[in-house]
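Trainee: Top line first, the protein sequences correspond to chains A and B. Each residue of the first sequence is one higher than the one before, counting from 1 in the numbering used here. Each residue of the second sequence is one higher than the one before, counting from 1001 in the numbering used here.
Certain hints may be false.
Stated by the list, open to error - In silico DSS-like cross-links for lysine-lysine, where the CA-CA straight-line distance does not exceed 30 Å:
1. K279/A to K249/A
2. K1249/B to K73/A
3. K1279/B to K73/A
4. K1073/B to K1029/B
5. K279/A to K1029/B
6. K1279/B to K1249/B
7. K1279/B to K29/A
Stated by the list, open to error - Every beta carbon over 12 Å from chain A, so not counted as near; a handful from chain B, in silico:
8. P1015
9. A1021
10. G1040
11. S1042
12. S1066
13. E1097
14. L1290
15. E1314
Worth flagging that the hints you see were computed from the coordinates, not collected in a lab. Idealized CB from N, CA, C, for every residue including glycine.
There are 2 protein chains.
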Amino acid sequence: MTKGVPDEGQTRARPTMREVAALAGVSVKTVSRVINAEPGVSAELSSRVNSAVERLDYRHNLTASSLRRADGKSATIGVVLEYIANPFDSMLHRAIEDLALTRGVLVLAGSLEESETRERELIAALASRRVDGLVIMPASHDHSYLLTERRAGTPMVFVDRPPAFLDADTVLTDNADGVRRGIRHLVSYGHRRIGYLGDLQTITTAALRYQGYLEELVAQGIPGDERLTRLNLRGTERAEAATLDLLSKQPPPTALFAGQNLLTIGAYQALRRLGIHHKIALVGFDDVPLGDLLEPGITVMAQDPAAMGRAAAELLFRRLDGDRSPSVHRVIATRLIARGSGEIRP
Amino acid sequence: MTKGVPDEGQTRARPTMREVAALAGVSVKTVSRVINAEPGVSAELSSRVNSAVERLDYRHNLTASSLRRADGKSATIGVVLEYIANPFDSMLHRAIEDLALTRGVLVLAGSLEESETRERELIAALASRRVDGLVIMPASHDHSYLLTERRAGTPMVFVDRPPAFLDADTVLTDNADGVRRGIRHLVSYGHRRIGYLGDLQTITTAALRYQGYLEELVAQGIPGDERLTRLNLRGTERAEAATLDLLSKQPPPTALFAGQNLLTIGAYQALRRLGIHHKIALVGFDDVPLGDLLEPGITVMAQDPAAMGRAAAELLFRRLDGDRSPSVHRVIATRLIARGSGEIRP
DNA sequence: TGCTAGGTTGACAACGTTGTCATCCCCGGG
DNA sequence: CCCGGGGATGACAACGTTGTCAACCTAGCA
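Using the sequences and the hints, build the whole thing.
Mentor: Structure below.
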């Protein structure tokens, strides 16, 4: 590593096509043609331009280019996530990036953290930068404000949660079905008293999952018991406390279903604390990292964020390629991963 | 959700300042002044412009703006990561986003997956979009190619791994020191035969960590034993196999140090498989999600990606604000988190 | 030889915005 | 009453690029 101040030498403005043209002895338009690999430039001029580009370290200015271009495309898309650092979200992000990569498209991403205000601000900021398309995991419950973007020709795909008051492509997990299969799994092991831990009911997916729980109880002819349900839990600690509370009631549940990642962890911790993690069954929704290293391993209904991201990106790019057919709604199935905690009998 | 094709109504081009100006009966320049909240516009015109903006759903075009603007700032920065979906990377990403948010700056992020080619391509793509600054977790070992960007006035901060042949701000984990403290911890519990599992030696941090291991052995007067070392491991499975192999040698180590996240998990799995996870000590570098739920919990030297991201963003924005002082090199300490696996005596 | 078709090349305008500067108007002071 | 100054407003050019179109050149054919 050499020593010195970060900008050794003076700050020199980036060279433009004008300068490249001057050095190569051609017109700017010819430089533009070479840069964009348009046909119809003689080998002679082409190589002169290329060496001038090399010599000046010219970097194409995509900003100016997309401003002038007929289609106005910026080769950039926006991805709006709940929280970038969530394993689920970052996996989704990664899957989108992977497909974008093959098209030379970059990804602008941001977190909402359940703030509706932030959702509008972030999308406005993305629109200001004229992204070509949007993948949105929404926090708000009214997306009519997006009609403007839609009319401006910006395609958008909703992931994980559906849009409200707006028709658009969606890629969703089969939430209710996933929970129902999880409950069925527990019932098949002989459970009848199954507790439920749920996230904020304002989150669409959380509401759908709880719905699935209720539906499956009815389907199984199990009477509902409000004392077995704890909703609007946020984070591991709340879930742990709620679980401890739930288990102190008489008669306690013989199994638990946790409607979300962090709640599953909280519930597991509570069971461990009470020393009954080998006695009370537990199934969680959404996979838990390292769930298989635990003893017992945590049984989950796993979502497939990579598949969701891939599907969302595919839909988005299809729209960018001009597809105008009616909105598509993809449902990605959950997968039961039995690791032990869900296979405990009462 | 309403029914219909995604673009109900025709695709209508976005309104421009020209149209806003026409509707408000003022000049474009006045619209520009209002949009940018420049002083010196009468309340009368200001409100006429604002209602025209409202009526037309005008969205400022930051692309055109930054093209014309004197400073040429795009209010966008680039973040180059090893793999976006890694918990470490996504935490770092998030911390940067958090600070960027307060300045109205958006983040373009991408993954390298250890590809030097990809590093150059991605950074070129970011430079094309005229990002205001870069945070880079590099894969390559020669960054002299970045001198062009540097000269063009793009500040850059390297995180997690240092640049080569280029002087720039850095934010690094104290790798060697972290490993040395981890080894010392094992020694303090009576271990003398300590195995080491390391990632690709081409990765700078991996090399530094191994260095720390060797140094601490010397400092402790423990003779090195090549049979206790397995380097260039990639991923959980390789680490698991290497651990099984390592333990089959006579005499086997009484403790293991794993130089990376996935290797720690692989080693733990191997110990579990052999049923000796309560007999052989294990310390890992970098935290393992849910490491505290395991039995025994996994003892680690934890890095602090959030602090690193924050530091990197602070440095970058300080440069963006005009700071031209010599490069700064921040070192973020690791933290020993004792959870059980590292506190087993031989 | 003359003419045309086709392929190269470049001059110029335009994309949507902001910097510069001129103009205009009003108010206050001489 | 006139003039100067300052604040509000707008006309115009420019940012770096690409679309359009005209000019030019060469080869091929009548």
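Trainee: Hints first: check each against the structure and report whether it holds.
Mentor: Each hint, compared with the structure:
| no. | hint | verdict |
| --- | --- | --- |
| 1 | K279/A to K249/A | holds, 16 Å |
| 2 | K1249/B to K73/A | violated, 60 Å |
| 3 | K1279/B to K73/A | violated, 60 Å |
| 4 | K1073/B to K1029/B | holds, 20 Å |
| 5 | K279/A to K1029/B | violated, 73 Å |
| 6 | K1279/B to K1249/B | holds, 16 Å |
| 7 | K1279/B to K29/A | violated, 73 Å |
| 8 | P1015 | violated, 9 Å |
| 9 | A1021 | holds, 19 Å |
| 10 | G1040 | holds, 24 Å |
| 11 | S1042 | holds, 26 Å |
| 12 | S1066 | violated, 6 Å |
| 13 | E1097 | violated, 6 Å |
| 14 | L1290 | violated, 5 Å |
| 15 | E1314 | holds, 15 Å |
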